[in-house]
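> For reference, the chains in residue letters:
There are 2 protein chains.
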Amino acid sequence: MSKQPLFERMALIGVGLIGSSIAHGARKHGLVKHIAATARSEATRTIVADQGIVDSVYETGPEAVAGADLIIICTPVGAFEAVAKEIGPHIAPGAIVTDVGSVKQAVIKAVAPHLADGVHLVPGHPVAGTENSGPESGFAELFEDRWCILTPPEGTDATATTKLQDFWQALGSRVEIMTPRHHDLVLAITSHVPHLIAYNIVGTAADLETVTESEVIKFSAGGFRDFTRIAASDPTMWRDVFLNNKEAVLEMLGRFNEDLSALQRAIRWDDGDALFKLFSHTREIRREIIDAGQETEAPDFGRPHGSETED
Amino acid sequence: MSKQPLFERMALIGVGLIGSSIAHGARKHGLVKHIAATARSEATRTIVADQGIVDSVYETGPEAVAGADLIIICTPVGAFEAVAKEIGPHIAPGAIVTDVGSVKQAVIKAVAPHLADGVHLVPGHPVAGTENSGPESGFAELFEDRWCILTPPEGTDATATTKLQDFWQALGSRVEIMTPRHHDLVLAITSHVPHLIAYNIVGTAADLETVTESEVIKFSAGGFRDFTRIAASDPTMWRDVFLNNKEAVLEMLGRFNEDLSALQRAIRWDDGDALFKLFSHTREIRREIIDAGQETEAPDFGRPHGSETED
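Protein chains in written order, with the working numbering: chain H, 867 to 1177; chain L, 867 to 1177.
Just so you know, the hints here were simulated from the structure itself, not pulled from any lab data. Fair warning: this is a prediction, and the values are worked out from it, not measured in the lab. Mixed in with the good hints, there may be bad ones.
For identical chains, the list gives no copy identity; a pair is met inside one copy or between any two copies.
Straight-line distance between alpha carbons at most 30 Å, and here's what the computed BS3-like set of lysine-lysine pairs gives [stated by the list, open to error]:
1. Lys-1143 with Lys-975
2. Lys-1143 with Lys-951
3. Lys-899 with Lys-1143
4. Lys-951 with Lys-899
5. Lys-1112 with Lys-899
Bound conformation, chain H alone (with noise of 0.2 Å):
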């Protein structure tokens, strides 16, 4: 242990990639003096167990959460009003809750009315993850260096958001606080409409008539198979997300599809500078993004080539 322990009593209702990468991370980094966590799922719990990154595991809340500091919700977004309803008798006063789901308005919606008054929501969401999901596939580093985006709503305790602010920064993030409003118009331009176009794509190469699905498979290198890794995500972690920030990622594929038509009729219309100036202005986007340290900048994000292929 590094430092003194932020927390006494972590528990984490549910540790798939990121309640499990959670844990690995506050071991490593001497964050709490123990880590509860509940899984439904007696494989999951078993799993948990044989990993040794928490000091206690449960099949429901209650117990988990008796005599928390700090509660992180790592459920899919559609679970929380009935984990918030389960648990929201049993938290002791002062403590703080949280969780890790890809909207914040609806969350606050289904979590705020359980709570007592006394405990302190702090809703979260670290933008980071991996293609994986599961318990199996945490990892302590997968926050590092990446944003946690905290949105408390009005009037929450401002010692609460500075300690879970604390929390995040210890395990490797950097935290930028906004509105539950904002940060969902962000979030669906960012990661939501990204993911619905690439499940969209993916679905659409593997209807055809006309190609086959083991010629897609073949060239995908050509550019398609970019698309399937995030089209590779939990399923029932997007489909609640994208229940459940509805207005925002229809207003964003709104301005999506206008631009695509856009570019549709340039391509009908042989308007090579309109294209052409599009393309050259992506190009410096991803510059900015290599240069912000949020992304790789080996080619190929640095896919092994040829003989250094893993296999």
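Given the structure of chain H, go ahead and fit chain L onto it with the hints provided.
Then chain L, alone, in the frame of chain H:
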């Protein structure tokens, strides 16, 4: 040199990412006796000469193709007609003329009329690349384990096709032969439309008023950054691809839009089952691409995480 050279003199018309990678590969595997190249700009000629990966470099085509038995056109597709017009009269009978363009019907239309009888046109397309461009970005392993598609027009000399197939296989590629028309359809869905929607979403995100560009960059790890890699590809090359495969691109884009409208409707009407079903299916396709050796299995494309970060 590991074996008898397949060709006496190879002339590369243009030495960007693909041309320079062919030069590196041909040199590494001893596939040709002499590598000649052309580059319009002095800057490129200097880089190519300094790299020492070609034996002679010229400003114009006729000198490069004189005496060549293999000519590979590696310029953007929009320049093919001018190139063919320039080099056509100087190509020796019996030589093989091929290319690396991402479209094939338009290429045959642009090049074939300028070749004399006895010159063998065997168009080709190595489905490989990175987001980088220019002669300094090439490397010998680029084609290893990737597919190269050959689209000989009807009546092409079978010996010429076989010889070119041997060349690509020696560079490490697997070779598939198909009609030019089918190639253009397959690539429209596996490469051209993916590039178009990647360019499009990056453009949309950059133009929003409600979300700043700095926010898009900060929170790009939520999925957006995966699209920026192919949206950083060479603008001239891609403008030419869309203008020269208009019909197939618009057809596949129509399908994409149709499917996206259905998804949009599912979100609007809370049809979680429809979303879940699609999101589960797309996951399997990535698995198949990995199993086919066309993608890395490492999470997040094997990007470095946290303390392993390259900088």
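> If a hint holds in the structure, say so; if it does not, say that too.
Results for each hint:
Taking CA atoms no more than 30 Å apart as the test, Lys-1143 paired with Lys-975 passes between copies only; the shortest distance there is 27 Å, against 43 Å inside one copy. In this homomeric assembly, Lys-1143 and Lys-951 come within 30 Å of each other (Cα to Cα) only across copies, at 28 Å, whereas the closest approach inside a single copy is 53 Å. In the homo-oligomer, the alpha carbons of Lys-899 and Lys-1143 never lie at most 30 Å apart, since the shortest distance is 55 Å inside one protomer and 41 Å across protomers. Proximity of Lys-951 to Lys-899 under the C-alpha cut-off of 30 Å is restricted to the intra-copy arrangement: shortest distance 26 Å within a copy versus 76 Å between copies.
With identical chains, the CA atoms of Lys-1112 and Lys-899 are never at most 30 Å apart, being 39 Å at best within one copy and 62 Å at best between copies.
Comparing the model with each numbered hint stated earlier shows that hints 3 and 5 do not hold.
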